[in-house]
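Position chain S against the provided structure of chain X, taking the given hints into account.
Taken in order, these protein sequences are the chains called X and S.
Numbering-wise (full-length UniProt numbering), the first sequence opens with residue 1 and increments by one.
Numbering-wise (full-length UniProt numbering), the second sequence opens with residue 1 and increments by one.
Just to be clear, a hint being listed does not mean it is correct.
Rough simulated footprint, nothing fancy, chain X against chain S, three-plus residues with beta-carbon under 8 Å [stated by the list, open to error]:
no.: 1; stretch: 34-46
no.: 2; stretch: 105-113
no.: 3; stretch: 150-157
no.: 4; stretch: 292-303
Because the hints were derived from the structure by calculation, they are not lab data.
All C-beta atoms in this analysis are idealised placements derived from N, C-alpha and C, irrespective of residue type, glycine included.
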Amino acid sequence: MTTLDTGPQTAPRANFFNDPVIRGIIYQVVVAALIVSFILWIIGNTAANLAAQNKTTGFDFLWRTAGFDISFSLIPWSRASYYYEAFMVGLLNTLLVAVVGIFFATVLGFTIGIARLSTNFIISSLATIYIEVIRNIPLLLQLFFWYFAVLKSMPAVRNSFELPFDSFINQRGIMIPRPIPDEQFNFVWLGLALAVIGVIVLRHWAKKRLEATGKRFPVFLTSLVILFGVTSLVFWVSGASVAFELPVLERFNFRGGLQLPPEFIALAFGLIIYTAAFIAETVRGGIQSVNHGQTEAASSLGLQDGDRLRLVVVPQAMRVIVPPLTSQYLNLTKNSSLGAAIGYPELVNVFAGTSLNQTGRAIECIAIVMTVYLCFSLLTSAIMNWYNGRVKLVER
Amino acid sequence: MQKALVSIAVAASLGLGATAAQAAILDDVKAKGYVQCGVTGGVAGFSAPDSSNVWTGIEVDYCRALAAAIFNDADAVRFTSLTSQERFTALSAGEVDVLSRTTTWTMSRDTQLGISFVGTMFYDGQGFMVREEDGIESALDLSGAAICIESGTTTELNAADYFATNGMEFNTVVFVDQDEVVKAYEDGRCDVYTTDSSALASERSKFADPDAHIILPEIISKEPLGPSVRSGDTQWFNIARWTYFALLEAEELGVSSANVDEQLGSDNPAIKRLLGVEGEFGAPLGLDNAWAYQIIKLVGNYAETYERNVGPDTPIGLERGLNALWSDGGIQYAPPIR
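For reference, chain X alone in the conformation it holds in the complex (with noise of 0.2 Å):
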């Protein structure tokens, strides 16, 4: 004789301790107190160090006069100057060599890439050989490298290389006239911007009429002529002039125009040799990945060469190419701190080196130093992975 029981059922009595859900919860809970614990720890030790050492510490050395000289900046610089001036000096100066060298690094990157996939043996293995030698040797060589022979290949300032319009290039840089424009120059930028917008428009115009009609139109040539156009129309209408500052031999040195270090030039020239070989390989691997026989559907629709590549097999591409050129630029952003070995003042020369030793304000110079490339970082990540969504694959 068998007994149904048809009381309630119970789950068996379990310790509290023993509930996974509670034990998950109890062990986050303690993991968390002990980071938080250790990094109060690691801050209290660092305060109790400094001040057994009789150390001074803040952020108030910014607002002090920094008492140095830095040889390039954008913005006007003097001794007398304030130590977050260094710091802008220094920011401005990371931010010009970057956005040259990403922009030349992924013009040059994308043409070796391509030579690289070349069918003309001679091109295809200079591209190789191009790669392969530059990605294999330390970044920091070859920026001594660039440097002095940058510096030994330009002559001494007294024999410098004149260059049409009155520009010159010496061991202390290349030097150019200054334009500086009059006040009716303001309306050729107002042109200018005018003319921008007209492009625009007609591109989605074309786009449209191209969807609707068939009917090409030549928006590149077209889009030329338009800012060329107003922008020379506006320029002889508002009698706009501009004058030049030319630069001057004086005793030692040229004086006034715009001036270009050498330093910045050799980090600028490094940096892009650099990063450009390993942006060809992305390039490479991304075209490779777009199979065969997406071109050969291409062409059976009848699309014209450049659209093939236009619409069909670069979107493709770009879609593996765009996640690893982020890196690149971000390694290209990051790696011109090195060109404080070469003299050039950007933001870990100027602030994390002369800045942080004329203060002795180590910790918040590098924190200060370490917030900001972490921003351009995150930026940059940003704008690429908002492109990155665009040129992804739409699946419907």
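Relative to chain X, chain S alone:
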């Protein structure tokens, strides 16, 4: 999981315990068995490795003297080559026990960096070196010149001050590493190389053609160069400071590495106290009573280290000048040992 938690907890509590006890530097040094000494990467005569990779120089000798006082072994030193950017961080972080590296004693460094200067091993001043072919005779002719400088130095500030004071234009090119500074000057990036005049002499001695470069007569600053230690450890500070004084005192009393053993029998009470024959001057420092004897025996007195490293008979060729003893017309002066 629980094991991992336990080990994290143990590690954390060990870490907390370690901060509670502030260890004395002398005890650390004795436990290690050597003095960790921060020096320059290479300024001939001050601190530079020679052809057989042995460090020599007046600042290196100071570190050896310190080791001799503590261990009775002038080789119980390890050298860390530091750039002027790294030096203070390395010292306050405890990577080196003493910094003996062409470092100028200034008020802000003494009061804000958490370090203490021991004394002035070498009285120096900032000078300018130019190429002879440029035909410059005075620093006041330098308006508009490009100047090569090592980053994070008093040199950098003095140059800016000097040019601003005299209403001259200037353009500095700043490098982290002294080697790059010198190379850029040699390659013609700069018209002028500026640093302490002793270091200018030292660098010039290494040039392919030293005569093609001249050092201008103007000395634009006071540069008292001396060793420094971390603040907050009085005993270690006293050892560092009295090591330097012992070198001077030995020269003044005529005790050298050659005659130190004879001088043990001297009747001069000052010599007896210096060499530990009379009195008790080692214990308060935590050292043997013969600490100064060991320094003189193994390293020599101040005059010996000067003559051997930077004196007139060396390629650097610097006269004693201000660095002569007070009794010889200079300003090197040690308080009495008594």
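Those earlier numbered hints the structure runs against, lowest number first: Going through the list in order, the structure violates hints 1 and 4 and respects the others.
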